[in-house]
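Assemble the whole structure, with the sequences as input and the hints as a guide.
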Amino acid sequence: MARATIRAPMRTATQQLAVLLAITAAACGGGDDAGTIPDGAPIDAAVAPVFANPVDLPDDELAMVALQMLGANVEGADRNCNACHSITRSRLRSWEVLSDAAMANCIDVDVTDPAAALTMAACLRENPNDATTPFSAGVIGFYATAADLEWFTYLFDLAYAADGEPMHADFSGRVLMPRGDHPSFTQPEFDILAEWVSRDLVMLDDLLDDEIVTGDCTESISQAVLDHVDLMETTGWKSVNEAASLNMYGCAGATPVRDCMADQPLASTLSYGTSWAVDLPGSKLRVLRENNYRSAYWTRSSPDGRFVAHGGNDDSQDGNPSMTNYESTIIDLVDDHLIHTTALYDPGFFPDNSGWALQGSVARICPMSVLTAPGAPTNFLYSANSPPCVSSNQIGLYQHLGAALGGGDHWTIDGPFESDSGGHQTTIGDPEASFTSTSRVDFVPLEFDGTSYSVGTPVSYNTPNEGDTEMSPSTGLLISRVSGTGGVQNGFRLRKFVPTPDGGGGYTVTADEVGRLCFNGGKPGFSYDERWMAIHHYIEDSDAVDLGFTGPSDPGFQAYRSQGAANIYLVDLTTGEKTRITRMNPGQYALFPHFRNDGWIYFDVRNSGSSTEYIVASDAALLVSGL
Amino acid sequence: MRRVLAAVVIVGGCSDPDPADRCEVVSRTFALTAEERKLVGEASPYPADPTLRARGDALDRSQRLRRDAAWDAVARVLEPVPLAEDLPLHPGPETLPRWHTWYGRDDLTRVFQHAFRPLPQALRLARGPIPDDELDAAFAWNPRAVEELASWPEQRWLDYVASLDTQVEVDGVGDLQRVQYAPGAARHLLASYSDQIACLEGAPPDAFVDGAPVQPVLTRAPVTLAACEERVYGPYFIATGERLAAYANAKLLVSRDTPDGDVACVADGYPCEAEGPGTLWVTVSADGAPVDTELVVEHTAPDAPWAGCLDGRFPTDAAVVKADWRRAELGREVPLHDTSAAGLAAIAAGTDDGDWGGGAGTADPGADDIYTIVSEGGDRFRLVALHVMTRELDHWLWTTLWWSPDPDTDFGADRPDAIAGVWRNYKMCATTAFAEGDPDPTGGFGADHPDLAAALTAVHPGAGGPSWCSNPYLEVGHGNASTNCVGCHQHGGTSLTAEEILASPDELPASGRLQVRNNFPSDYSWATTSGDFLAQMLREEVLYWDDVP
Numbered sequence: 001m002a003r004a005t006i007r008a009p010m011r012t013a014t015q016q017l018a019v020l021l022a023i024t025a026a027a028c029g030g031g032d033d034a035g036t037i038p039d040g041a042p043i044d045a046a047v048a049p050v051f052a053n054p055v056d057l058p059d060d061e062l063a064m065v066a067l068q069m070l071g072a073n074v075e076g077a078d079r080n081c082n083a084c085h086s087i088t089r090s091r092l093r094s095w096e097v098l099s100d101a102a103m104a105n106c107i108d109v110d111v112t113d114p115a116a117a118l119t120m121a122a123c124l125r126e127n128p129n130d131a132t133t134p135f136s137a138g139v140i141g142f143y144a145t146a147a148d149l150e151w152f153t154y155l156f157d158l159a160y161a162a163d164g165e166p167m168h169a170d171f172s173g174r175v176l177m178p179r180g181d182h183p184s185f186t187q188p189e190f191d192i193l194a195e196w197v198s199r200d201l202v203m204l205d206d207l208l209d210d211e212i213v214t215g216d217c218t219e220s221i222s223q224a225v226l227d228h229v230d231l232m233e234t235t236g237w238k239s240v241n242e243a244a245s246l247n248m249y250g251c252a253g254a255t256p257v258r259d260c261m262a263d264q265p266l267a268s269t270l271s272y273g274t275s276w277a278v279d280l281p282g283s284k285l286r287v288l289r290e291n292n293y294r295s296a297y298w299t300r301s302s303p304d305g306r307f308v309a310h311g312g313n314d315d316s317q318d319g320n321p322s323m324t325n326y327e328s329t330i331i332d333l334v335d336d337h338l339i340h341t342t343a344l345y346d347p348g349f350f351p352d353n354s355g356w357a358l359q360g361s362v363a364r365i366c367p368m369s370v371l372t373a374p375g376a377p378t379n380f381l382y383s384a385n386s387p388p389c390v391s392s393n394q395i396g397l398y399q400h401l402g403a404a405l406g407g408g409d410h411w412t413i414d415g416p417f418e419s420d421s422g423g424h425q426t427t428i429g430d431p432e433a434s435f436t437s438t439s440r441v442d443f444v445p446l447e448f449d450g451t452s453y454s455v456g457t458p459v460s461y462n463t464p465n466e467g468d469t470e471m472s473p474s475t476g477l478l479i480s481r482v483s484g485t486g487g488v489q490n491g492f493r494l495r496k497f498v499p500t501p502d503g504g505g506g507y508t509v510t511a512d513e514v515g516r517l518c519f520n521g522g523k524p525g526f527s528y529d530e531r532w533m534a535i536h537h538y539i540e541d542s543d544a545v546d547l548g549f550t551g552p553s554d555p556g557f558q559a560y561r562s563q564g565a566a567n568i569y570l571v572d573l574t575t576g577e578k579t580r581i582t583r584m585n586p587g588q589y590a591l592f593p594h595f596r597n598d599g600w601i602y603f604d605v606r607n608s609g610s611s612t613e614y615i616v617a618s619d620a621a622l623l624v625s626g627l
Numbered sequence: 001m002r003r004v005l006a007a008v009v010i011v012g013g014c015s016d017p018d019p020a021d022r023c024e025v026v027s028r029t030f031a032l033t034a035e036e037r038k039l040v041g042e043a044s045p046y047p048a049d050p051t052l053r054a055r056g057d058a059l060d061r062s063q064r065l066r067r068d069a070a071w072d073a074v075a076r077v078l079e080p081v082p083l084a085e086d087l088p089l090h091p092g093p094e095t096l097p098r099w100h101t102w103y104g105r106d107d108l109t110r111v112f113q114h115a116f117r118p119l120p121q122a123l124r125l126a127r128g129p130i131p132d133d134e135l136d137a138a139f140a141w142n143p144r145a146v147e148e149l150a151s152w153p154e155q156r157w158l159d160y161v162a163s164l165d166t167q168v169e170v171d172g173v174g175d176l177q178r179v180q181y182a183p184g185a186a187r188h189l190l191a192s193y194s195d196q197i198a199c200l201e202g203a204p205p206d207a208f209v210d211g212a213p214v215q216p217v218l219t220r221a222p223v224t225l226a227a228c229e230e231r232v233y234g235p236y237f238i239a240t241g242e243r244l245a246a247y248a249n250a251k252l253l254v255s256r257d258t259p260d261g262d263v264a265c266v267a268d269g270y271p272c273e274a275e276g277p278g279t280l281w282v283t284v285s286a287d288g289a290p291v292d293t294e295l296v297v298e299h300t301a302p303d304a305p306w307a308g309c310l311d312g313r314f315p316t317d318a319a320v321v322k323a324d325w326r327r328a329e330l331g332r333e334v335p336l337h338d339t340s341a342a343g344l345a346a347i348a349a350g351t352d353d354g355d356w357g358g359g360a361g362t363a364d365p366g367a368d369d370i371y372t373i374v375s376e377g378g379d380r381f382r383l384v385a386l387h388v389m390t391r392e393l394d395h396w397l398w399t400t401l402w403w404s405p406d407p408d409t410d411f412g413a414d415r416p417d418a419i420a421g422v423w424r425n426y427k428m429c430a431t432t433a434f435a436e437g438d439p440d441p442t443g444g445f446g447a448d449h450p451d452l453a454a455a456l457t458a459v460h461p462g463a464g465g466p467s468w469c470s471n472p473y474l475e476v477g478h479g480n481a482s483t484n485c486v487g488c489h490q491h492g493g494t495s496l497t498a499e500e501i502l503a504s505p506d507e508l509p510a511s512g513r514l515q516v517r518n519n520f521p522s523d524y525s526w527a528t529t530s531g532d533f534l535a536q537m538l539r540e541e542v543l544y545w546d547d548v549p
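From first to last, the protein sequence lines are chains V and S.
FYI, my numbering numbers position 252 of the first sequence as 252, with every residue one higher than the one before it.
FYI, my numbering numbers position 472 of the second sequence as 472, with every residue one higher than the one before it.
Calculated from the structure, these hints are not laboratory results.
Here the structure is a predicted model, which is why all the values come from computation and not from measurement.
Chain V stretches covered by chain S per the calculated footprint, using a threshold of three residues with CB under 8 Å from any CB of chain S:
hint: 1; stretch: 236-250
hint: 2; stretch: 366-374
hint: 3; stretch: 440-449
hint: 4; stretch: 504-514
Glycine included, each C-beta is placed from N, C-alpha and C at the ideal position.
Okay, here's the thing in structure tokens:
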């Protein structure tokens, strides 16, 4: 049984790396050299700083240092990018492709013309032709590590003049890697990385072993899962919230619970949703809201179902439409108004409905009272000192929140992940699952001291070949996507999370496997009684028969193959049985399902190539439960 | 297994004296839970002393009498009260201190929902009063609420009761509330739901509320000043069309709003008059020679509603406690604060100017030395401090307790023997008024309790100066060691925060200790717009049911 260890403070670079950096810095002047002034140029013409200094190192030394800096599974590596990304050969090569494309199509390191700089800056957006789309690390690959260095600062100052600083801050806030409490690369460090990219990642295959992962999966639900579900039936957050008389959105006067939100239209009555519920007769899909903007990454809602949050916004609150300040949105379904916040994405709500969290440059945690006070804001600006919210750089990206029952400490969890924000364009198949054998998750305790919660010492736990790990509301269960052959997902793994005070002011944790599910999908959401899980799954050829076609070559299935789609599945954790609860049309993506306290499921529907999305509620779990 | 539901409500790290060290989220505990309430039964009413109000002036003028009254109030709130249910496996007394039986936010939410939901829609929409008998019935139903929960079958209840076999677990039944309300306070808050919502959706009354003039009041006060000394009197609230007239055989200055506010009039040996409406202060000063005179002030105040955001004042048996619990695990110990004369002098002289700071040294007291509870999850907590406010006086009796490893010194020296058990390890201070009326800095304790006398002297502001009582655990942050409870609480029901009050020396001088209001929107309670945010809870509940017939 693997035991976690208290995570040591971030190690500094190895001695070898330190020496090499000293050598390169001395040789290259640390990036302070300015380019020569072109002949004939005006005296006050812009002068581009160095983007990356050449590094004169042998291939093997260069590659090793670069791999160490990235956190690859090589001797002497620091934990860095691998905290969130599995550093595999294929991952690195994909980043190389992005970096090369950026250099070929976007970046001219010698730019001096403001108009050209403006075009280059636009090129760094998710959609270069749409100034309302955010800057994206996915556009520049490895060069995201230079976002805070002098060259990019120069680029934005040249492009935007007086707005250069805030525009660069917007860019850097979204793009800079690594994130969280990992220190940014210095110029000498970036020089090494850039040199390695320029040499086409030389020696990568020689130094980084490609991991062999099997596609074997044996489905199992252990007695531990059954015991847990049985216990949660009476002691879980669903029961606790019901005992606390949590008022559920849309349920005032509604009996039974399946009659909640009866004033919201059924999808079957809307032109775009007529077929959504046909494969689960008797189920209701209610469209709670139509959004006119594109959400970013996942959507999550408050336990009472009143607030829905996600990255992305409608830009209506930004003074400068090209400058996306308010990056995320919290929707209040009661009065149908949007609250724009200056966080980025990755929402989470505490299971007792007391607060929420969103990610930005750091994690922001706020009380629910901010949203429910009279005259609730339409804008919410986070700042370094913006009570009643607090910030934490200890909580990494892809964080999930859980609150232990019985007055126990709260926990957050984060670890390696695959970005999943499909559906804006055609998306075929679930995201990769290339998690290495060195994958691990970080548990961060929010320790209750009797008056307040304080972020405690993070605890790491090895979860080889797993990622996209999420935590159940009670913290008792964890669910991860498992790597398979060739980076294809190989189902899910359930773990039982048990923290134990270590007598020294912190915790040790165990997270033994208690279940294995042999189907694929993404972004699981646990129900509050922790009996159910909901996932989304991007349609691929293997789904044709389940959708009623003869096979992938069936003419009726071709639209799915060309336009893609995603459906929601309900999973009974006591049996492992899964039920598809939606039937989306080609080009429609039902994503990010999650439960509210009473068992209704919320999810987001994206339309490929469109900025129109829907927030939808499903009573599938209630129907299947017999309620 | 017992249940403690801890919710995270982030109020920010403002009260953390060193926010850079910790990223804090302040929690709000929602309890007592339904099962705990069944065990405890209805909250034990606070047995107020009805004679105290008549002695209010005497308490204001005597620290000894004030402390005697406060210790008596402490004894009343600490009195053991039997639980409503038997605990078959617990060998000892099945009691809780009276205050620990009182209602928490969860109770108030449950009771209000039970009383409000069945009301006719027209009454609900009109925010009409809940009939008295229905509100009483809801409080009586509250201990049985758990019996209606499907998640609490009989066996689970029996298992829960059987699990309570240690004293700390029994004490934990009272839960980890930050604030608990005696029945008199709780009932008044719920009965005032429409007033609270109206203030929340509108605005609370201003600090000065005008109104029809009441009978003129003439006051006389002897004034003895050394050369170059001055003394401030007030505030005097003046109605529209009325005036204040002050006379003394000395220099007089009448100012508006604060003692350092705009000058309304000056005089030297003749009357000084100023017109209303508004708040006026009178400063008597001596020049190069001492002054021995009498200040005569005649003024006519407005008839202003006392508590505009409640249905009148709290009843005499209203009481509220605020607890400071500290985790007894994960390497956490109790920080220690020096409340001796020397310690208080050091606080006042420190660079943080009135900040208790994080303490000097720590202790790890066990359950025999400090009130200790164990939560359902097995987490152990210690009670390091307890505010006690009781409505026996016009401006409440403010008492506060804090744990000490040397409990019989300074503020614990005069503790009566009737305070027993772990409670013998708590010290106490108390206030009854904005101004210190006892001219003796020692409070008369010089002979029998000299270290108490010295400590009181260290914080004595001079007769008529702003009073003092500050709890080193509960009053954190810049300036909070120089407060008196009543000064901040006069703003209860407004949107002001403690930090804003302490950071506004011009508008709210002397760390907010002076009276600046002639009305008190929620009768000195912060519960409506801060802490438990009761007004917001009530509003959400009311709005939720608006559309239901």
